[in-house]
Amino acid sequence: MKKAMLAATTANGDGWWRLGALLFGLWLAAAGPAQAEDGYELWLRCSPLPAAQADEWRDQLQSLVVSSDSDTAKVIRQELQRGL
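When you line the sequence shown up against our numbering, it's residues 1 to 84, in that order.
To be clear, the hints were calculated from the coordinates, so they are not data collected in a lab.
Mixed in with the good hints there might be a few duds.
Just the calculated beta-carbon pair ranges, DEER-fashion [unchecked claim]: (1) 55 to 77: 20 to 28 Å; (2) 66 to 38: 20 to 28 Å; (3) 16 to 71: 52 to 60 Å; (4) 24 to 52: 54 to 62 Å; (5) 21 to 68: 50 to 58 Å; (6) 17 to 81: 56 to 64 Å; (7) 69 to 40: 15 to 23 Å; (8) 39 to 73: 46 to 54 Å; (9) 28 to 81: 55 to 63 Å; (10) 21 to 79: 44 to 52 Å; (11) 77 to 21: 46 to 54 Å; (12) 78 to 56: 23 to 31 Å.
The model shown is predicted, which means the values in this text are computed figures rather than measured ones.
Even for Gly, the Cβ is constructed at its ideal location relative to N, Cα and C.
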């Protein structure tokens, strides 16, 4: 079997190119579904605080002010409300 495959790939030189293209295609197919992490929600995936510490922080934190109405400030405000 190995001799037949070797003969098929070396007979005209096209076989190596086809084999390489096949392997490259398989590599692309395997890598396609993978999605990179952009880190956008990374801070929201932190471990929750222990209940006692969270209660203490809630008692100490009476208010939090984001003093701008820019688009960025709106996102900051929304994420803080979501995270806290």
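Hints and how they fare:
The supplied range of 20 to 28 Å is met by residue 55 and residue 77, whose beta-carbon atoms lie about 23 Å from each other. A beta carbon spacing of about 23 Å between residue 66 and residue 38 agrees with the range 20 to 28 Å that was offered as a hint. The hinted range of 52 to 60 Å is satisfied by residue 16 and residue 71, whose Cβ atoms lie roughly 54 Å apart. The hinted range of 54 to 62 Å is satisfied by residue 24 and residue 52, whose Cβ atoms lie roughly 56 Å apart.
Range check, residue 21 to residue 68: Cβ separation about 54 Å, and the 50 to 58 Å hint holds. Against the hinted window of 56 to 64 Å, the Cβ-Cβ separation of residue 17 and residue 81 comes to about 57 Å, which satisfies the hint. At about 22 Å, the CB distance of residue 69 to residue 40 agrees with the hint of 15 to 23 Å. About 20 Å separates the C-beta atoms of residue 39 and residue 73, a value inconsistent with the hinted range of 46 to 54 Å.
Checked against the hint of 55 to 63 Å, the pair residue 28 and residue 81 fails, with Cβ atoms roughly 41 Å apart. For the pair residue 21 and residue 79, the beta carbons lie near 46 Å from each other, so the given range of 44 to 52 Å is met. In this structure, residue 77 and residue 21 meet the distance hint of 46 to 54 Å, their C-beta atoms being roughly 52 Å apart. Between residue 78 and residue 56 the beta carbons are some 25 Å apart, a value that agrees with the proposed interval 23 to 31 Å.
The structure does not agree with the numbered hints 8, 9 stated previously, though it agrees with the rest.
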